[in-house]
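J.: Single-letter residue listing:
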Amino acid sequence: MRDPYFFTEKMCVGHKSPLIEDIRIRLDRGEILTLIGPNGAGKSTVLKSIARQIGLMGGAVYLDGRSLEHMSGAELARKMAIVLTERLRTERMTCEDVAATGRYPYTGHFGILSEKDRRAVREAMELVHVAEIRDQDFGKVSDGQRQRVMLARAICQEPEIIILDEPTSYLDVKYKLEFLSVLQEMRKKRDLTVVMALHELDLAARVSDKVLCLNGRYVDRFGRPEEVFEQGYISRLFGISAGSFDEGNGNMELEAAKGEAEVFVIAGGGTGRNTYRSLQRRGIPFATGILFQNDLDYPVARALAADCIAAESFEPISGELLLEAREKMETCKKVICCREAFGTYEAANRELLAFAEKGGKTVEWPGAERGG
Amino acid sequence: MDGKARYRVSFLLLGTCVIVFCILNICVGSVEISPQDIFRSLLGQEIGRTAERILWDIRLPRTLAALILGGALALAGYLLQSFFHNPIAGPFVLGVSSGSKMAVALVMVFLMGKAVRVSAAALITAAFAGALFSMGFVLFMSGKVRQMSMLVVSGVMIGYICSAVTELVVTFADDADIVNLHNWSRGSFSGMSWDNVAVMAVVTAAAFAAVFWMAKPLDAYRLGEAYAQNSGVDIPLLRVKMVLLSSILAACTVAFAGPVSFVGVAVPHLVKSLSGSAKPIFLIPACFLGGSAFCLFCDLLARNLFAPTEISISTVTAVFGAPVVLWVMARRKKEDVR
Numbered sequence: 001m002r003d004p005y006f007f008t009e010k011m012c013v014g015h016k017s018p019l020i021e022d023i024r025i026r027l028d029r030g031e032i033l034t035l036i037g038p039n040g041a042g043k044s045t046v047l048k049s050i051a052r053q054i055g056l057m058g059g060a061v062y063l064d065g066r067s068l069e070h071m072s073g074a075e076l077a078r079k080m081a082i083v084l085t086e087r088l089r090t091e092r093m094t095c096e097d098v099a100a101t102g103r104y105p106y107t108g109h110f111g112i113l114s115e116k117d118r119r120a121v122r123e124a125m126e127l128v129h130v131a132e133i134r135d136q137d138f139g140k141v142s143d144g145q146r147q148r149v150m151l152a153r154a155i156c157q158e159p160e161i162i163i164l165d166e167p168t169s170y171l172d173v174k175y176k177l178e179f180l181s182v183l184q185e186m187r188k189k190r191d192l193t194v195v196m197a198l199h200e201l202d203l204a205a206r207v208s209d210k211v212l213c214l215n216g217r218y219v220d221r222f223g224r225p226e227e228v229f230e231q232g233y234i235s236r237l238f239g240i241s242a243g244s245f246d247e248g249n250g251n252m253e254l255e256a257a258k259g260e261a262e263v264f265v266i267a268g269g270g271t272g273r274n275t276y277r278s279l280q281r282r283g284i285p286f287a288t289g290i291l292f293q294n295d296l297d298y299p300v301a302r303a304l305a306a307d308c309i310a311a312e313s314f315e316p317i318s319g320e321l322l323l324e325a326r327e328k329m330e331t332c333k334k335v336i337c338c339r340e341a342f343g344t345y346e347a348a349n350r351e352l353l354a355f356a357e358k359g360g361k362t363v364e365w366p367g368a369e370r371g372g
Numbered sequence: 001m002d003g004k005a006r007y008r009v010s011f012l013l014l015g016t017c018v019i020v021f022c023i024l025n026i027c028v029g030s031v032e033i034s035p036q037d038i039f040r041s042l043l044g045q046e047i048g049r050t051a052e053r054i055l056w057d058i059r060l061p062r063t064l065a066a067l068i069l070g071g072a073l074a075l076a077g078y079l080l081q082s083f084f085h086n087p088i089a090g091p092f093v094l095g096v097s098s099g100s101k102m103a104v105a106l107v108m109v110f111l112m113g114k115a116v117r118v119s120a121a122a123l124i125t126a127a128f129a130g131a132l133f134s135m136g137f138v139l140f141m142s143g144k145v146r147q148m149s150m151l152v153v154s155g156v157m158i159g160y161i162c163s164a165v166t167e168l169v170v171t172f173a174d175d176a177d178i179v180n181l182h183n184w185s186r187g188s189f190s191g192m193s194w195d196n197v198a199v200m201a202v203v204t205a206a207a208f209a210a211v212f213w214m215a216k217p218l219d220a221y222r223l224g225e226a227y228a229q230n231s232g233v234d235i236p237l238l239r240v241k242m243v244l245l246s247s248i249l250a251a252c253t254v255a256f257a258g259p260v261s262f263v264g265v266a267v268p269h270l271v272k273s274l275s276g277s278a279k280p281i282f283l284i285p286a287c288f289l290g291g292s293a294f295c296l297f298c299d300l301l302a303r304n305l306f307a308p309t310e311i312s313i314s315t316v317t318a319v320f321g322a323p324v325v326l327w328v329m330a331r332r333k334k335e336d337v338r
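Those sequence lines, one after another, are chains A and B.
Mapping to the numbering used here: the first sequence position 242 is 242, numbers consecutive.
Mapping to the numbering used here: the second sequence position 75 is 75, numbers consecutive.
Pulled out of the complex, with its shape left as it was, chain A reads as follows (with noise of 0.2 Å):
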């Protein structure tokens, strides 16, 4: 079988002593590959040993069909730029003159840059958005700023491979999504690669061709995100015990309140979402449904409430699971209704209000009283 791209043979990270061992990471060409993991574990030395700032404790690396460990400096230099998380003290440098140090290993003794030098510089800030900023200090624009410039630097590097540590850190959620774009965009153009940290796990599931999780010991998974986000997976791997992540949609929610529901929420197709998150935050616990698997409300509901009645999706509500939710209402002081009018397959619902009525509970509109 035909060697990928970018492999790694029985690869082992660590400072002095072994962090991890026996790392295998297989990419083609153009391929996005994430890491994702807890804080500490490991990303960074993965990142590090991969771009050769720290010697491996064991096994190689390979790049195009060659161990990493034989190229030269000025070899790797043309072939893999990095942008690390760490905070630059530059002196007396322009944004310009930083992008720039990413032309070194094409300028000769004196890294004089010729006329393609320059341009090559202002094609990659002109890029991820830094061009207006090029003759600004470098240590007086902002840190996303910073982190873009950097970005540029090693665009006009002109990498076939790029390594990236939780590149989005300091960006907000325009730049965040902006950054991303031009890494798609790069590999589509020069069909560059990618190896990189994210913290931001709904945007590593979007993004990521191949995710690796590291939980600190060794590799806990690498495959396609869509293998590795499975239901539960990721709590697991970063021990979440506050709250929760829907590897699904990529959505978190907060820790749900805790006790007896107090409060019956009747929701659906996205309505219920945000009376949901209300009761949360008011630390009251509560039961809702009937709502389908499907639904737009489910993920929230399914991480806040203390009892989620949900039926089948594309299925009729049946009578049992009806008798369960009136059962349940029964228990509760108050009902919130979030649907202003029933549709055909959810007369269930609709029931379910009646009852709330005709038993005497006390029913609020949370429009009514946004409107009231």
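It should be emphasised that the hints constitute simulated quantities derived from the structure, not laboratory data.
Any given hint could turn out to be false.
Computed list of lysine to any residue pairs in SDA-like fashion (alpha-carbon distance at most 25 Å, straight line) [said to hold, decoys possible]:
1. A:Lys16 / B:Leu238
2. A:Lys333 / A:Ser313
3. A:Lys48 / B:Arg239
4. A:Lys140 / A:Glu123
5. B:Lys216 / A:Ser72
6. A:Lys258 / A:Lys361
7. A:Lys328 / A:Phe355
8. B:Lys216 / A:Arg282
9. B:Lys279 / A:Tyr175
10. A:Lys16 / B:Glu225
11. A:Lys48 / B:Leu238
12. B:Lys144 / A:Gln53
13. B:Lys216 / A:Gln53
14. B:Lys144 / A:Glu75
15. A:Lys140 / B:Trp327
16. B:Lys216 / A:Met71
17. B:Lys4 / A:Arg118
18. B:Lys216 / A:Gln231
19. B:Lys241 / A:Arg118
20. B:Lys216 / A:Glu75
21. B:Lys216 / A:Thr107
22. B:Lys144 / A:Glu86
23. A:Lys116 / B:Trp213
24. A:Lys361 / A:Asn251
To be clear about the criterion: a stretch of chain B counts as covered by chain A if any three or more of its residues have a C-beta under 8 Å from a C-beta of chain A, and this derived list gives those stretches [what the hints assert, rightly or not]:
25. 47-56
26. 231-243
27. 287-297
Treat the numbers as computed from the prediction; the structure is a model and nothing was measured.
Positions of the beta carbon are idealized from the N, C-alpha and C atoms, including for glycine.
Got chain A; can you put chain B on it based on the hints?
T.: Okay, now just chain B, sitting in the frame of chain A:
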């Protein structure tokens, strides 16, 4: 392109300063020599025996020594600042000069005691060994402490230790040598022979060329080791070169002029402020010129301010150099707060 224009102006200014101070250094003194006389004597014309002797045996070698060694010190300071990413590093602050001073004093006293003439090469070698000794200590400490203030403190400490040893050696040296040693150990450009000037010129020129030759890796090194390494710089090699070259440059100064304080720390900052740039390819020659001008200026004052009493060169350089260091630290602090 106003950056380039500013480079040119800076070079022009620094060059002019060096030339003007050179002429002043030669002209001004207990015996005045007119610039025309200098010119005529350089062309081989007679200007009178006394004036000739003063010009050729005293003023000219001394001026050249200040020019060469001042540049060497500034360059050493620049290298050390780059090496430690520390704006207040310098050969004197980090104790490198003191280490050289100690080694030179030991060798001088030992050889003089045996009535052996001390050669310039031996002095430089001793100074270099002493510089490396101090550097080794500071490097060891820099592995232990990451803060720039602690690094400087360890440099100052090793400086004190070396100075103490030097004092001890000077105290127990023969009477005849003491005057010489004492003057030298306080720092002075006086009493330079042409042989000395020739040796320091060769050593400094070679070191300067070597530093200039590595302007490109030094440029990449400005972003820190990780990015420099990613650019393809051989970091261990570069670091070894920086340590050796800064030690040679500092050692060369100490061997001939004794410890001269604050030139290495202050001049790179002055030059950077002047040019608004910190690009090595520009800064290396500019620092050299700046150091030359600074030392020529200070030596002029040292010689003439309280004539006929000569004050030590370090006294003058400290007066002008120390405020620069304070200014740099104050500015630095402000940036940290941001």
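J.: Please list, smallest to largest, the hint numbers that this structure does not respect.
T.: Going through the list in order, the structure violates hints 2, 8, 9, 14, 18, 19, 24, 25, 27 and respects the others.
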